[in-house]
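Protein chains: 2
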Amino acid sequence: MIVDCHGHYTTAPQALWDWRKRQASGEKISETALKISDDDIRVSLEGAQLKLQRERGSDVTFFSPRAGSMEHHVGDAAISAQWARVQNDLIHRVCALYPKNFAPVCMLPQSPGVSPANCAEELARCVTQMGFIGCNLNPDPSGGWWKEPPLTDRWWYPIYEKMAELDVPAMVHVSSSCNPAFHFTGAHYINADTTAFMQLIQGDLFKDFPRLKLIIPHGGGAVPYHWGRYRGLAQDMKRPLLEDHLLRNVYFDTCVYHQPGIDLLLKVIPVANILFASEMVGAVRGIDPETGHYFDDTKRYIDASRLGASDKQKIFEGNARTVYPRWRT
Amino acid sequence: MIVDCHGHYTTAPQALWDWRKRQASGEKISETALKISDDDIRVSLEGAQLKLQRERGSDVTFFSPRAGSMEHHVGDAAISAQWARVQNDLIHRVCALYPKNFAPVCMLPQSPGVSPANCAEELARCVTQMGFIGCNLNPDPSGGWWKEPPLTDRWWYPIYEKMAELDVPAMVHVSSSCNPAFHFTGAHYINADTTAFMQLIQGDLFKDFPRLKLIIPHGGGAVPYHWGRYRGLAQDMKRPLLEDHLLRNVYFDTCVYHQPGIDLLLKVIPVANILFASEMVGAVRGIDPETGHYFDDTKRYIDASRLGASDKQKIFEGNARTVYPRWRT
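Respectively, the protein sequence lines represent chains P and E. Residue numbering for the first sequence follows the working numbering, beginning at -19 and increasing consecutively. Residue numbering for the second sequence follows the working numbering, beginning at -19 and increasing consecutively.
Simulated from the structure, these hints should not be mistaken for lab results. Heads up, some of the hints might be wrong.
As the list makes no split between identical chains, a pair holds if one copy fits it or if it spans any two.
Stated by the list, open to error - With a Cα cut of at most 30 angstroms, we get these calculated BS3-like pairs of lysine-lysine:
hint, residue 1, residue 2
1, Lys80, Lys292
2, Lys294, Lys15
3, Lys31, Lys218
4, Lys1, Lys292
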């Protein structure tokens, strides 16, 4: 079985984005004003994610709202709360229509400067009432200005406590960038991955939350490429070995869009810490002229790697069962 | 010949840091108040950079002020101007004492929100009066808050014009981070490298400055690991092939502190775009328990790679002669 742990509803019907535009503009708009039929949902997926699942041979995608659309920096906490409900409800409908193809992952109603305690209720609603199996946690709800404390700060503990209670992991995933210095998918996403991992090296989060699990997407940002740097920095800082300090709790996905990158990831990061993912339909949508295949058809790179069948099975399925204990087929 | 294009004076005498502390505190202090003897300089280098050059077999280091100490965010432009003169004068003395071992690279007197035009005079002074061969350009003089426009913005053109006139390259290198989210050597440096490259993809800087040369340090941040992502993003954005768009002007150094990272770099980036560097004595100072050698002894990784002798010569020396035309042995 092939489990893609990282997919966003990038192809959601236009009605969703129109509703959001009105909400973000300050209009008081009810959630019931959003009209999307089951057929609208089917159309949005059949020619995109579902088609690509069939073509590429993946079975199920852990599916969350479009990362760039979380936009926690827009409006206040009440705006974020309503937007998160709307987006998560829609993800729930997708997964109810296609229970074999998608498993639901929620966005959180974060808001800059607001305690993440405000996310506990929506997380609990999603997990206990709608069967969600994980969440996306944004380390920078300001959208590229990085004003929140590091992820290891007690500021974040209320959401970790709720995650621990509900036994769900978080993917550490920023949203769009308001900072002209940072292109969102080309710089902000990758920087956030690198930044989060370094914050985890500096802190002791998993002493307080030994069962907490975090997934760093996009192949861990720059981390595997600079694995020697991170091992060396940890050593200079008198931190434990990364294996002991972080690798019981931190996982990397395989959203790395060329063979040499995947080969490096598989070489330096233990197999137990790697989860298959493609992020399709996502940041890169074209065909690589050097291979003739989609850049984000990451299954091909894993297939072509030197790993044995047992290791591949862990990356494609087994590890996902460990990291997402609420996911049941 | 082995040319290390990326070294900082991290071991400068304590008198320098003491002087800076007084200057940064707001005290009016003259440049002549700084007392460092030639013997102080010798002592600061003999047991460190010079010893390591001998032990590792490198011949010359392109040497600049400690990156973390540039601190463009401290004080105003006048403070930065004085600090840059002091630091660059000291680098000049180092290179005069050890002309075979070091070639000088300057810091610029950048200041947040101040046009980089203010750096032209100091750059010209260093190059024309003291034989400097390059400079370090900080894309984020705010120190982790990223308030300056992208490097492709006309905001930056005055310094590029002066660089072009003087025929010197810039290494794109941030300084310390005031943002608690970003560890300086573990996140801010690497993020800046990634960010700068993505800015260059988005813009058309080299149409206006076809001979400008920029070095992205730390192995290009996350870029080579995500080379497929960057090729794919460029293609989706209708940008030219990266080879045509950037690789006549952009170079990566080899400050990647493990063999698999260097192997990836050498595999995906053309040999003509790679310059040997170690950044010793720098971010990572320990010995890798997995190899028994210093993490930052990057020459070992190049030596152990599959490249042929001719390609290695280009990385160790030949490319540096192209990128730093003012460097003459």
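Evaluated hints:
no.	hint	result
1	Lys80 - Lys292	within (21 angstroms within a copy, 52 angstroms between copies)
2	Lys294 - Lys15	neither (40 angstroms within a copy, 62 angstroms between copies)
3	Lys31 - Lys218	between (49 angstroms within a copy, 25 angstroms between copies)
4	Lys1 - Lys292	neither (42 angstroms within a copy, 55 angstroms between copies)
Checked against the numbered hints listed earlier, the structure breaks hints 2 and 4; every other hint is satisfied.
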